[in-house]
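Enquirer: So you can see what is in the structure, the chains are spelled out below.
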Amino acid sequence: MAVWVACTVVVLVSGIYVLRPLFRQSAGNFDVDLLSETELDRLLDRKSVVYRNLKDLQLEFRMGRLSEDDFRQLDEGYKNEAALILQRLDQLDASEHLDEMIEKDIRAKKAKLFGTATRTADSSRCPSCGAPRIEGKKFCGDCGQRL
Amino acid sequence: MQANNNLAPPSDFNSPFGKAALDGILLKEPRFRFRHKEGRDSLMNNVSAKAKFVLGGVVIVAALGWLGFVGFEESKAYYITVDEYAALTEPREGRVFKLAGDVVAGSIDRSKPQMEFIIASNNKEILVRYVGKDIIPDTFRDGSTALVEGSAAPDGTFHARHIEAKCASKYEAEYDKRTTS
Amino acid sequence: MASFGNFCILFALCLSGYALLAALIGVSQRRQTIVRSAEHAVYAATGAITLALFSLLYLLLTDDFSVSHVANSSSRELPVFFKIAAIWGAHDGSMLLWVFFTSLFCALVVWLNRFRHRDMMPYVIAVLMIDLGFFLCLNVFISNPFTQLAQVFPDGSYQSFLPTDGRGLNPLLQHWAMVIHPPVLYLGFIGFLVPFAFAIAALITRQLGDTWIRTTRRWTLLTWLFLGIGLILGGKWAYVVLGWGGYWAWDPVENSSLMPWLVSTAFLHSVIVQERRGMLKIWNMLLVIITYLLGIFGTFITRSGIVSSVHAFAASNLGQFFIIYMSAVLGVSLILVASRLQYLKSERRLDSILSRESAFLFNNLILVVACFAILWGTMFPVLSEWIRDTQITVGPPFFNNINVPIGLLLLLLTGVGPLFAWRKTSLESLRKAFLLPSIFAVATCAAVLAAGVRNFSFVVCMTLCTFVLVTIVEEFYKGTRIRMSSRGENPLLAAVNLTLKNRRRYGGYIVHLSIIFMFVGFAGNVFNQEASGRLAKGAELTIKDYSLKMVDYREGAGSNYQYRRAVLDVYKDGKRIRTLEPEQRMFTAGQQQTTTEVALHSTPKEDLYLVLAGVSRDGSVDIKAFVNPLVFWIWFGAAVMFFGALIALIPEKGRIGSTQPELAGRQTAGVNPGV
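Residue numbers (the working numbering), protein chains in the order written: chain S, 94 to 240; chain H, 13 to 193; chain B, 1405 to 2079.
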């Protein structure tokens, strides 16, 4: 008898918990592509990789692992890559119209999806992913969203 | 939604902002030309790094393969049961066998300088003399399943250099589910 | 309680099925709410499995022997600690523990990514749930730990059956290392599910950039660490419990946990190449898939009993299910990879053979070859039976012949790799970098030879160990010097900060350091000595410079066993250093098995290892003694490895791009696309 009660309780509790999201009144659609890995993400990823490479290269050069010549060649290559990435980011930056729209769109959809309209207005959090925002950062450290 | 119409799907690789565009930039990185002090083109300098890697890899794999083959020849053993061994028609000399069978209860004779015992399977038995040095495992006792590795001796016994033993099931005892004890 | 537990795993199976469906429907209809529901189902399944695990624990603690698992792996007099361990003391329970860990990993992954990778997560959930569902199916339908014992009558009816006592936990498992070894090893196997799930999701969504790699890298490292520690604990257990004087025997079960470890080691290295250079994308994808499959394969080997092994865990009838599952996973993954080849193109080529990339490539090649050789040797009995109808087994010489040179080559690469720069290294800078390590290495080589050692592998191993050690010390020294001069920190602070600011790099070096220690320990094997003798009271046995004097023989009883114990005084160079008491234990419950309690005198230089092999009627004892040099360094190395991997695991704060290196003035002006 006790077993039946326990089983029923387990089923009820988890059933409610599992099915509840389905009955949220804001059962809006969402565009998967919107939240996927964007060029911005890729650029920022790439940027961090290039920066890390540069940092490493400089460390290795100062350790005497590289000849002056090798260092200059590699350094040049990485810096060019970094510069190109930054240029690209600036281009994206410049197309503010696009930017604004993306942000607006994301905000609207987020609000719809999670019912978290209040949080998006919260300036201490990233509007896209909700991660805590670090002061003075241009982009969210978690998802790369422009803040 | 109007906003959507103006948005290029960002994850589309063909879009102007897609990955292809980024690759186009990144691939422009210069290739190194080697400037050796000597400046002379030796044969290897003309070979691409990839080819060198493949060459090195083949040499390594071949060497390891050869070592493996030697070790394989040295340590291969034919794993058969005692009755299969008894029924063997080919000559047994010069081959290493690993015989599987049950230790006949009461047959373990530790009084001799070299321990002797009988293992059996399917009513075929063979006398085994243990000539190895390793400690006989704790699990080796009357009735346990034993694996003896060694070769046939001229006197018809089996000289085992190595013994492994296992209980019918080491981690589980014999209560069968849904049966009586 | 048994039926409640049974219900819980069945319900968890339903939940995982629901989560799978909901995730797929959610993503195909692009409805976030359905995906959320799937996520909740994952949590709920985890909860249900946790409840099941607690029910089993309750059954074990209350000695409910009507349940077959309890009857088979526990007994009344078993200490509580081992009653808990009895969960994984037999096959059925260990499958439940496996499922429990899997579900924990799933829930953790879902929770950590609840705001991230929204497009990938439904597929990740789907893959996780397929794996969880598969193992739950096995748990529910084939090896159910809540099965109750029953008496079957000839007419087919049955009635429940309650034995008065259980068979007891296998005595070999009643040891601390064996208690934590299986769970740690399970974590090590199961964790590879996460990188695999992300890899598949990345393939499906075509998002094959750095994102999935960054997300899964840390998971892989953590899992790799668990697996490594699990392996070492297993070795430690074999060393002190099995009593044959060694820690590794190339047993199929040992091999099957070493294989995924080797491939994941390869992945941890090659992933750096992908991150830095955008190369090896297909290769990394394959490594992740292979690692996951090898994890499953390891369970398959252990559980199916397909390859005979001294471990001989509960051979069960799971084999065919594993084969079907593994083939399906392999087939689908390969088709996915093949259909996404265009997205996995390498961004760059190998510039030079003298580059860090190439060192990594060789490292990968060798690790994978090692894995393949071990797989070959392990499966050879099965293969030869298929092909020639005779089972041919291969022994340690095969494995050693291949793996000793492989180990030495890897050691060489460990030292050489960091000396190369990315892309290319000129010969001058190489000459400079090689100078100091080579001098030390040659000196060591000369010293070892002068000491009269003529064993080739030992000499090479020591030489290489010195080489690697010097390169690592140099890395730390130079880095510290730079920090000291640029930041004015004191040496200690500089060294600590250096490590903490470059966690992956210097954590990695610490792991390399631990590898050196372990290799020193492995190399000691060459000089193992053994002696044995039958000792009456007062008699002596001499081994190397030790002499063992038999002082006493005792019998007595422990908590659930009886023991026979020899007391021996150990003299070294005529001086008494300590008393050792090797022991035999006869466990009273269940199978009345005898186990060996090894007596160890361990020093960094060598272990004196005593086994009580037997007792004769007149009270004299058979003692087997081993002197195993340098074994201590293996366990020490494991501790260092743990520490190093922990450092590499701690997340570095923020995106690395936020601390911009010296790039000023280049941001726009320096663009020169023509180069």
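Derived from the structure by calculation, the hints contain no laboratory data. Note that beta-carbon positions come from the ideal geometry of N, C-alpha and C, so glycine has one too. Incorrect hints may have been included.
Which bits of chain B does chain H cover? Going by a derived footprint, with three or more residues having C-beta under 8 Å, they are [as the list claims (entries may be wrong)]:
#, segment
1, 1661-1672
2, 1691-1699
Computed spacing ranges between beta-carbons, pair by pair [said to hold, decoys possible]:
#, chain 1, residue 1, chain 2, residue 2, range
3, B, R1518, S, V98, 30 to 38 Å
4, B, T1466, H, S119, 22 to 30 Å
5, H, D167, B, R1980, 41 to 49 Å
Enquirer: For every hint, state whether the structure bears it out.
Expert: Taking the hints in turn, this is what the structure says about them:
1. Here the segment 1661-1672 of chain B counts 0 residues with a CB under 8 Å from a CB of chain H, which misses the bar of 3, and the coverage is violated.
2. Using a Cβ-Cβ cut-off of 8 Å, 0 residues of the segment 1691-1699 of chain B lie near chain H, which falls short of the minimum of three, so the contact claim is violated.
3. The hinted window of 30 to 38 Å between B/R1518 and S/V98 holds, with their beta carbons roughly 32 Å apart.
4. Between B/T1466 and H/S119, the C-beta spacing of about 43 Å breaks the proposed range 22 to 30 Å.
5. Between H/D167 and B/R1980 the CB atoms are about 47 Å apart, so this pair conforms to the stated range of 41 to 49 Å.
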